[in-house]
Amino acid sequence: MAETVIYAMYDDDDVLKDGAKKLVAKGVKISEVFSPFPIHGIDPIIGIKNTRLGIMAFIYGLTGTVLATYGMRFFMISDWPMNIGGKPNGSYLDNMLAFVPITFEFTVLCAAHGMAITYLLRNKTLPGLPAQNPDPRTTDDKFVMEIRLSENTKFDAAELETMLKETGIIELDQKELK
Amino acid sequence: MHKEAAIREPLILGHKTYHDITEDVCRPIEDKAPKTWYILFGIALVIGLYGVGCILYLLGTGVGVWGLNKTVGWAWDITNFVWWVGIGHAGTLISAVLLLFRQKWRMAINRSAEAMTIFAVFMAGLFPLIHMGRLWVGYWTLPLPNQFGSLWVNFNSPLLWDVFAISTYLSVGLVFWYIGLIPDFATIRDRAKKPVSKKMYSILAFGWSGRAKQWNRFELVSLVLAGLATPLVFSVHSIVSFDFATSVIPGWHTTIFPPYFVAGAVFSGFAMVQTLMLVMRKAMGLEAYIHTRHVEYMNIVIMVTGSIVGTAYITELFISWYSGVEYEAYAFINRATGPYWWAYWAMMTCNVVSPQLMWFRPLRRSLLFTFIISIVVNIGMWFERYVIIVTSIHRDYLPSAWSMHYPSHIDLGVYIGTIGLFFVFFLLFARYFPVLALNEVKTILKSSGESYKNAPDNHTNDSHSNH
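Residue numbers (the numbering used here), protein chains in the order written: chain A, 415 to 592; chain B, -3 to 463.
For the record, the hints were derived by calculation from the structure and aren't laboratory data.
Among the hints, erroneous ones may be present.
Claimed, not checked - Taking beta-carbon pairs under 10 Å as the criterion, some of the chain B residues facing chain A (in silico): (1) PHE151; (2) ASN152; (3) ASP180; (4) ALA182; (5) SER198; (6) GLY203; (7) ALA208; (8) SER234; (9) VAL437.
Model, not experiment: these values are computed from the prediction.
From the three backbone atoms N, C-alpha and C, an ideal C-beta is built for every residue, glycine too.
Please model the entire structure based on the sequences and the hints provided.
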């Protein structure tokens, strides 16, 4: 089904944010904002939930801690216990202090890389993927608001355009997406 | 948005717009490289290739081509390793620790400082690898199943901790750096006109589109990575210092090594950042973004960490006497008055005296003075490692075994070669990568840019004061 999308372009992040507030108050659903840098405070206005990547980082880190602990317990205590100067590796707890640095490093390694990979996958940013910003200037100094007609059944295109024009836009574009 | 006191010096000078920032950063990438770039790159490449030649000769012949002997079994190799790792501490400190402390001045320098970090850690990693003599079995340091022999790697050894620390630091640093680079590559991609560069930057930009949700994730990932990288910065050089501190060699067997090494690492890292940044800002016309204020902040860090290092030197000296251990005391008397006295006093002058000059405001705001001191500090920090390593072991328990260390030309070639390779990487970075974190600098334009700060009735000040 073809879908009509309206792209409204702004040249200032604060103007866009104020405009978004007014539009949302009138009941318009803004489906996306493209910007060259993070606009602080835009997410709650257009209804974007905070990311849960932080929780994932914690889980990845915990996995690292557990793996490192079990790994070193196996290598150094059960599989091949060393006897250094008559002081054998008796139990994990006796030797735990020597394992702290690697446990820490491995925790950080797993947390950082796990989160980075999840981040790239969730963002759909991987080598070779095409760019999806509607205008090349949105990575320079322009800010674009995307409004889909299918998500705004209360209004027609003309009404939306009039409302957008009141918010200080510099350009307006309408596209048919397949 | 944060409000900033009007009295505070702006971080971005002049009347810049968002577009100006893009232009200023992208111009050096899109224009033809100046002739000086080619000359510098050529020189660095020749030196780097000479170093590669020395390394290949060493691998083909054996570690005996270094000037090591039975008494001095560690010298320039580990000195250079610690020196490079130390230099590699500034980038992550700037981007991670200063991010957590919300220091906005970091935004102008974090990208290139992180690049410097990564290249410095590359160079550092080379030394333990070639010290193995058999580079191709380097993977034996990993805990691999036992078909290679009857033992696992020794998890009690600080040398193995180092393997984990350095590789974690390098890979996490690389990821942190690249995640910040993706949106900036997208900017270059969207500006590129030539098909080849458009294609290249499209691949590098991973299809970044700048959606609100992407930015939401971006900010959280940056914050969490900064939180993870902060203890990492401190752990890496602590673990490097364990290589010495857990041994029982007088002069090495010291509990203050971890904090002392970390402070020294930050000290030398910032000095290297100053050396590179002062040249880069001039050559690439970034004076509006990296100016006296940034240099002054970095000089204050150099002053503080330099003072910590100086205190550590004196503490070490005092404890060697106070401990009553004659071997410990001799190690330090020998450092200051023995055959390597010149190295000791070079270290003392460069690292203890020179940062104290930064107490004077005109001096720490002088770019020329900063440049000279930054080089002095780098020389001093190299001598620090040389003094700690060589003078502690060249006169050991039996006077019949006493010896001196004289570097061979291969020692010299490998060391100079790594400096060449480092500059090859850094010059390539400065030519093809955005040297300023575009997206981050744009976020501080309204709060710390000169034109916005001096306009009190600007709309950013009234409509957002409630945040």
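A quick look at each hint next to the structure:
The interface hint given for PHE151 of chain B holds, since its Cβ lies 5 Å from the closest Cβ of chain A, which is under the 10 Å cut-off. Taking 10 Å as the C-beta cut-off, the interface hint given for ASN152 of chain B holds, the closest approach to chain A being about 5 Å. About 9 Å separates the beta-carbon of ASP180 of chain B from the nearest beta-carbon of chain A, less than 10 Å, and the hint is met. A cut of 10 Å between beta carbons decides the hint on ALA182 of chain B: the least distance to chain A is about 5 Å, and the hint holds.
Restraint check, SER198 of chain B versus chain A: the minimum CB separation of about 7 Å is within 10 Å; hint holds. The interface hint given for GLY203 of chain B is met, as the beta carbon of that residue sits about 3 Å from the closest beta carbon of chain A, less than 10 Å. Interface hint status for ALA208 of chain B: upheld, as the beta-carbon distance to the closest one in chain A is roughly 4 Å, under 10 Å. For the restraint placing SER234 of chain B at the interface with chain A, the shortest Cβ-Cβ distance is roughly 8 Å, inside the 10 Å limit, so the hint holds.
Below 10 Å, beta-carbon pairs count as interface contacts, and VAL437 of chain B has one with chain A at about 9 Å; its hint therefore holds.
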